[in-house]
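Going down the list, the protein sequences come from chains A and B.
When we follow numbering that gives the first Met the number 0, the leftmost residue of the first sequence carries the number 0, and every step to the right adds one.
When we follow numbering that gives the first Met the number 0, the leftmost residue of the second sequence carries the number 0, and every step to the right adds one.
Honestly, the hints are just simulated from the structure, not real lab data.
Where hints are given, some of them may not hold.
For identical chains, the list gives no copy identity; a pair is met inside one copy or between any two copies.
Stated by the list, open to error - Within a straight-line C-alpha distance of at most 20 angstroms, the following computed SDA-like cross-link-like pairs (lysine to any residue) qualify:
| id | residue 1 | residue 2 |
| --- | --- | --- |
| 1 | Lys-526 | Pro-537 |
| 2 | Lys-366 | Arg-277 |
| 3 | Lys-117 | Lys-526 |
| 4 | Lys-304 | Gly-364 |
| 5 | Lys-304 | Asp-164 |
| 6 | Lys-368 | Ile-379 |
| 7 | Lys-296 | Asp-164 |
| 8 | Lys-304 | Lys-375 |
| 9 | Lys-428 | Asp-165 |
| 10 | Lys-219 | Glu-303 |
| 11 | Lys-296 | Asp-165 |
| 12 | Lys-219 | Arg-370 |
| 13 | Lys-367 | Lys-382 |
| 14 | Lys-366 | Arg-276 |
| 15 | Lys-526 | Ser-113 |
| 16 | Lys-428 | Val-240 |
| 17 | Lys-497 | Ser-521 |
None of the values given here were measured: they were computed from a predicted structure.
There are 2 protein chains.
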Amino acid sequence: MKWWGWGAEGTEFDIESKPELWPYMKKILGITEEPKIIPPVDLEQIALSEPNINPRFSEVVKSVLREDQVNTDKKDRIIHAYGKSFRDLWRIRRGIVDAAPDCVIYAETEDDVSSIVKAASEFNVIIIPFGGGSNIAGCLEAKGHNGRMVVSLDMKRMDKVLSVDDESCTARIQAGVMGPHMEEQLNAAGMTLGHFPDSFEYSSLGGWIATRSAGMQSDKYGKIEDMVLALRMVTPAGTIVTRTVPKSSNGVDINHICIGSEGILGVITEATMQVHRRPECRDFYGYLFPDFESGVKAVNMCVEKECPPMITRLSDPGKTALSFAYKTKSTGIKPFLSKLVKAYIKHVKRFDSDKLCLMIAAFEGDKKKFREHKKKVNAIYKKFGAINLGTDPGRSFERSKYDFPYLRDYAMERGIVADVSETTTVWSKLLPLYYATLESLEKAIKNTGNKPFLGCHISHTYHSGASLYFTFGFTETPGRELDEYLYVKKTVEDSFIKNGATLSHHHAVGYEHLPWLEEDISSTGVKAVKALKSGLDPNGVMNPGKIIPPKDPFSGWGLPEEKIKQFEQNNK
Amino acid sequence: MKWWGWGAEGTEFDIESKPELWPYMKKILGITEEPKIIPPVDLEQIALSEPNINPRFSEVVKSVLREDQVNTDKKDRIIHAYGKSFRDLWRIRRGIVDAAPDCVIYAETEDDVSSIVKAASEFNVIIIPFGGGSNIAGCLEAKGHNGRMVVSLDMKRMDKVLSVDDESCTARIQAGVMGPHMEEQLNAAGMTLGHFPDSFEYSSLGGWIATRSAGMQSDKYGKIEDMVLALRMVTPAGTIVTRTVPKSSNGVDINHICIGSEGILGVITEATMQVHRRPECRDFYGYLFPDFESGVKAVNMCVEKECPPMITRLSDPGKTALSFAYKTKSTGIKPFLSKLVKAYIKHVKRFDSDKLCLMIAAFEGDKKKFREHKKKVNAIYKKFGAINLGTDPGRSFERSKYDFPYLRDYAMERGIVADVSETTTVWSKLLPLYYATLESLEKAIKNTGNKPFLGCHISHTYHSGASLYFTFGFTETPGRELDEYLYVKKTVEDSFIKNGATLSHHHAVGYEHLPWLEEDISSTGVKAVKALKSGLDPNGVMNPGKIIPPKDPFSGWGLPEEKIKQFEQNNK
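Let's have the full structure, built from the sequences with the hints guiding it.
Below you can see the structure in the form of structure tokens.
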């Protein structure tokens, strides 16, 4: 993986094939001149402090691991210093690395993990579990080490599907496996986990579980927490082992103490997951709704009629316009909207082109089920005024579904902030939350003196509500780029909490969402997490500074009160 | 509620209407003479120690509550001394009450609960939260009070559905409401929770959540933990409050720290639950399978084809025979199996009558959905050799679905042990677990020198497995009744744990399942629960002696090692 951005070195965002995208971005962001490319610094320019090695801990490491399981190379330390949040990438591109781990350890067995965690607890060494390294909430940055050695415990070598129980549809899987390699192994046994987050290519099973991840097929397969039957987590107090049973009434659910623990209690080494036989048919479709409200009603009706598609992705007008600009060269591929369709939309259906909303829906199952399901959903969509665009926009979505982080890098290189914030709430609060957040976001970005791009989509639906996933962009003002970003980010999170939503639906807390945690789970809820921390990690060596907020919630978050005031005064 | 048995005083098991039941029971249990009725002792005969009143706690109580919220009457103390497990009822019927609460307090608001819990923690008074009082795992008996005052905190006056969000299908409900009263209030708003455990009439929302309860419609509506969106729990460390959102990624899931906590961390005062619009159609059907294995295959296939009925209840041959004996007088109601059907089963289908298995399946939804769903399931059942018996057996099941605890009392009155133990496991282990447990049970009951009744049913199904619910009965040997019961109970639980299942699917741990907890959730899992306890209830006043096992797991459980040996030697 690139140390300065998303994806493997050499893989870049293919803007060439999307000729309308960059002109559209420039227009919407008010960019008149071609911006100067801001390349990342040279690796050599980054100054890292010498690794701080704890000799007694190192002795243990040497006695239990092979040499090639331990790495103190600069590049490896830098790769493990951060996740891939906007803030992370913005800093790393500029060579700002305050706290790289002193050493990267590659665990190959649970015994390795146990030995390392035990020694770390004994000799007061920080352990930061590391999966795919793609977290965007600050889960991976060393915080509060206070002079202690910091170890990034990379799990990627524990990458096996250990066994598949075909009769029960379960699979025992090592936590370090990345999405594609896991699916490959499961597919070979005729199975799929059905978990495809946007970060799929660069995220691990353990990471998904530790952060309560959601994949784009969650409406059918559930969030990751719905798929875990059993797991093993090594903590400084011993190893938690739960049983492979579908459900239980054995007191407090121990799986749920590990799920979402973001590395602060221990290292998840494996899990037994519910898996599914691969479906016979599967396809993606596009629809156009006259406006966001109609789309939301249609999504809600699908849930009420108990027939949500396997994927529902309703874009608001802002996101829809971006999708249209995203279309690939028409060589060989039909554009989303033919002239004929456009005329029909405008003159026959009389849709307002500023309000148009694109819906992508996907279905799967055996032939009969697939057909029936699609038919039901089509009827509901039609009722709310949708036009069926067929498979082209759907398949285009499928091809580009992992693209966004590459586009973010492309934008960042050109001095553009592009980021996302997502949440969930109940149906009755969904549209009020949507409007309020859009309004706050627009105001905040204008307060920075910039022109906003704003978009939102719904991509996870539930009986009682749905997610909202906001995308925002603006050109940075040189000299105060990160302040602007943080100010806008704060605005979104404030709006989530103020409007009855949660701080994140599937991106975790890390330290970047810490200031909103107490309002989300209550101060006694925080005490419960602290209690678990004291009991399972009494010496406080596991990934400190995450999930448990400091007394002053914004201390260490990065945006002093006076800067917020500055931005707000600018507007007056 | 009766202090000596199940249900309201005056309500008895209606054996008259089931003329074949008692003769069948006598035959199967080897009872040749009509047994002597063993009535419960007179209430007056029960010796209770004087209430142990903590004066400083009482001062607070007097200052915050009305007089009629506090009760030290003997009968009320006795009603609150136990739940309704076999062991509880066996003792109470004989007047054995080791530790009745010193006082019963009726909370009417969350403020009441907060004041009581705070004062209890300050003045070292035990609080045992009390909902419907129908728990059968020993969750309600005072343990480890060590001379401290014990208060049963009865929640039944907090019985309101506070609000229904029709658009989101959520309802904010006070924790003390009993099943029927809650459904009445929800029904008035066109809604249902869809949670109907066997104890429905005498159990509360708070109790369901605290014990991870499952209702008979869980295949459609989920277990109780799947329905909780948000809750409030008063702990000695403060009140946990979570947000009403469908899902989140806000660290460790705080709802799941409260769900299943069985009163050891705090008192659940309300929850916001996912509710559903009441279905248009709904009906129950009966089927006969040639044997249990075919039935299991059919159940599994329904899950695999993603079409499990709203209720699936597959009885094994033992339980099927009991159901047949259960049929009501034929006046007005057709018997389950007409002579014609019997002949068809025997001569045309050539089913072995000793292997016959009754399946009850129920469907609901709008007319179309109802019809299509039934059709799909019928086709699957047919494939595995089932005969469709129509609605008669299904509706008979529906009428009698809350009967079993009354029958248990009827049996107990006649010197018969009748009890249940249930679990879940994955599909691949389901039949091995079934055979192994039946075998162990049979052997254990024979070791007591008695003739066993054994039956089992499946009533909750999942993608990866299903529940097994065992019913067993035998005549007690006077003088060692409870030892026999405990010996048999231990055998079942040992078999669950040995064969890869969990200690309970939906009956909780209490102290009656404590000896198997560590093997179920691992010793580090127990440490996690202890950590929560230390953090949220630092003075240890909340329902001690539950969920956290003692060092010697069988200490305090009631069956010394030498008695087990005695039973096992008897058999040689």
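Hints, one by one, checked against the model:
1. Lys-526 to Pro-537: Both: 15 angstroms inside a copy, 12 angstroms across copies.
2. Lys-366 to Arg-277: within (13 angstroms within a copy, 31 angstroms between copies)
3. Lys-117 to Lys-526: For Lys-117 and Lys-526, only the inter-copy Cα distance (16 angstroms) is at most 20 angstroms; the intra-copy one is 25 angstroms.
4. Lys-304 to Gly-364: Both ways: Lys-304 and Gly-364 sit 18 angstroms apart in one copy and 9 angstroms across, limit 20 angstroms.
5. Lys-304 to Asp-164: Close across copies (18 angstroms), not inside one copy (33 angstroms); limit 20 angstroms.
6. Lys-368 to Ile-379: both (17 angstroms within a copy, 15 angstroms between copies)
7. Lys-296 to Asp-164: between (40 angstroms within a copy, 16 angstroms between copies)
8. Lys-304 to Lys-375: both (9 angstroms within a copy, 18 angstroms between copies)
9. Lys-428 to Asp-165: between (42 angstroms within a copy, 12 angstroms between copies)
10. Lys-219 to Glu-303: both (15 angstroms within a copy, 14 angstroms between copies)
11. Lys-296 to Asp-165: Between copies only: 14 angstroms across, 39 angstroms inside.
12. Lys-219 to Arg-370: within (16 angstroms within a copy, 23 angstroms between copies)
13. Lys-367 to Lys-382: between (23 angstroms within a copy, 19 angstroms between copies)
14. Lys-366 to Arg-276: Within one copy only: 15 angstroms inside a chain, 30 angstroms across chains, cut-off 20 angstroms.
15. Lys-526 to Ser-113: between (27 angstroms within a copy, 17 angstroms between copies)
16. Lys-428 to Val-240: Close across copies (19 angstroms), not inside one copy (39 angstroms); limit 20 angstroms.
17. Lys-497 to Ser-521: Within one copy, since 14 angstroms is at most 20 angstroms while 40 angstroms is not.
The structure shown violates none of the earlier numbered hints.
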